[in-house]
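**Q** Residue numbers (this note's numbering), protein chains in the order written: chain A, 511 to 720; chain B, 511 to 720.
Since the hints were derived computationally from the structure, they do not count as laboratory data.
One or more of the hints may lead you astray.
Same chains, same label: a pair holds when it works inside one copy or across any pair of copies.
What the hints assert, rightly or not - Subject to a maximum C-alpha distance of 30 Å in a straight line, what follows is the list of computed DSBU-like cross-link-like pairs (lysine-lysine):
1) Lys576 to Lys557
2) Lys713 to Lys576
3) Lys557 to Lys650
4) Lys650 to Lys632
5) Lys632 to Lys576
6) Lys650 to Lys713
7) Lys576 to Lys650
Protein chains: 2
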Amino acid sequence: MAIPPVVIERLPLYARALAILDEQGRQVVSSQELGEMLSFSAAQIRKDLSYFGRFGKQGRGYNVQKLLDELRRILGLNRQWRMALVGIGRLGRAILGYEGFSPQGFRIVEAFDSSRQLIGQKVDGIVIRDTGELEGVLSKNPVDVGIVAVPAHEAQGVIDSLVRCGVRAILNYAPIAARTPRDVTVRRIDPVLALQGMTFYLKADAASAK
Amino acid sequence: MAIPPVVIERLPLYARALAILDEQGRQVVSSQELGEMLSFSAAQIRKDLSYFGRFGKQGRGYNVQKLLDELRRILGLNRQWRMALVGIGRLGRAILGYEGFSPQGFRIVEAFDSSRQLIGQKVDGIVIRDTGELEGVLSKNPVDVGIVAVPAHEAQGVIDSLVRCGVRAILNYAPIAARTPRDVTVRRIDPVLALQGMTFYLKADAASAK
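Excised from the complex, chain A in its bound form (with noise of 0.2 Å):
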């Protein structure tokens, strides 16, 4: 059975508001309950958890430990992943030291730029190499995770490389829709498209309020 992406994005969610009940020392939860902690509907978590066997009973609600340890291995959440940044700009500097990242087993091990003053230079802890050398460097040592904030017309070049060093998962901050192999997976993070997809709301209430 094909679990639509949409469900796969909403997991991480579900893994995260589990955690926290699960610090809470709470080991019962009920759809409702979830559904409140994430503005979801309940019938929308029991649909979406349906895809992957039988975790809650009837009427007694999810075991939380046992949903947050499936959920964690459906989502390889238990496990180290290695990501190499591209593209050390102002943006590439806030991703650099984001502090959100290591505790979820998320850890840069590379980072590159084409500029010639930072080529070289250490950045938290790590030291910038040139995105020339990139194929050269990832192909001895692999990463999981691409992560691209380049300048958008440098981005699909950068892309392609990551891409033919093995990455086939590419976090990508250029405001472009990269093209790849269909067993790439490509999440978008771009600020402009989610305003973009808000201002319709804002323009439908300006409306309905003439």
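Assemble chain B onto chain A, guided by the hints.
**A** Below, chain B alone, put in the same frame as chain A:
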């Protein structure tokens, strides 16, 4: 007819692809070609756009200019949106300096932080004000959008303040599922969630390779 949120989220991508075609002087585009530009199926594109009336003629494709104008109108892309940014740490500075907002009509007009050292400083042309003064400032000078780049434990309080000032669109960079009234739209920018949604596929591949 209620338009599903996932469709709304894809419309800015269509607008962006059409703007590129328009700049190239293209007058007509097929759903196939739009699909190739965006890595969607042609059927998906026809279905999404069907929510907004009949833009295309059977077998003739879509009129680029007309469809672009219509999407811009639907999404409110032809006007200026005022934004307030809260949290001027490393991430907040990257957001303040992000050059992709203003060409798309999104302008940061107020910036807030609670650090004594930052209040009163000018960063990228904007004077940083005390987060404690947020409600006073925004009730006099309303904004359309709030951008939240504070640590997780401060985020809900900041979001509540923004909502009290009438902000109904929030871009949330903090790793929390914010609680807001129904008429407030929140989009979460969370690279860890995006990464965790990709490792599922890496894991699936690893398992199938055994």
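**Q** All hints, please: hold or fail.
**A** Results for each hint:
1. Lys576 to Lys557: Close inside one copy (18 Å), not across copies (39 Å); limit 30 Å.
2. Lys713 to Lys576: So Lys713 and Lys576 pass the 30 Å test across copies only (20 Å; inside, 44 Å).
3. Lys557 to Lys650: neither (43 Å within a copy, 45 Å between copies)
4. Lys650 to Lys632: within (21 Å within a copy, 45 Å between copies)
5. Lys632 to Lys576: Intra 42 Å, inter 50 Å, cutoff 30 Å: neither.
6. Lys650 to Lys713: between (51 Å within a copy, 21 Å between copies)
7. Lys576 to Lys650: neither (38 Å within a copy, 51 Å between copies)
Hint compliance for this structure: hints 3, 5, 7 are not met, and every other hint is.
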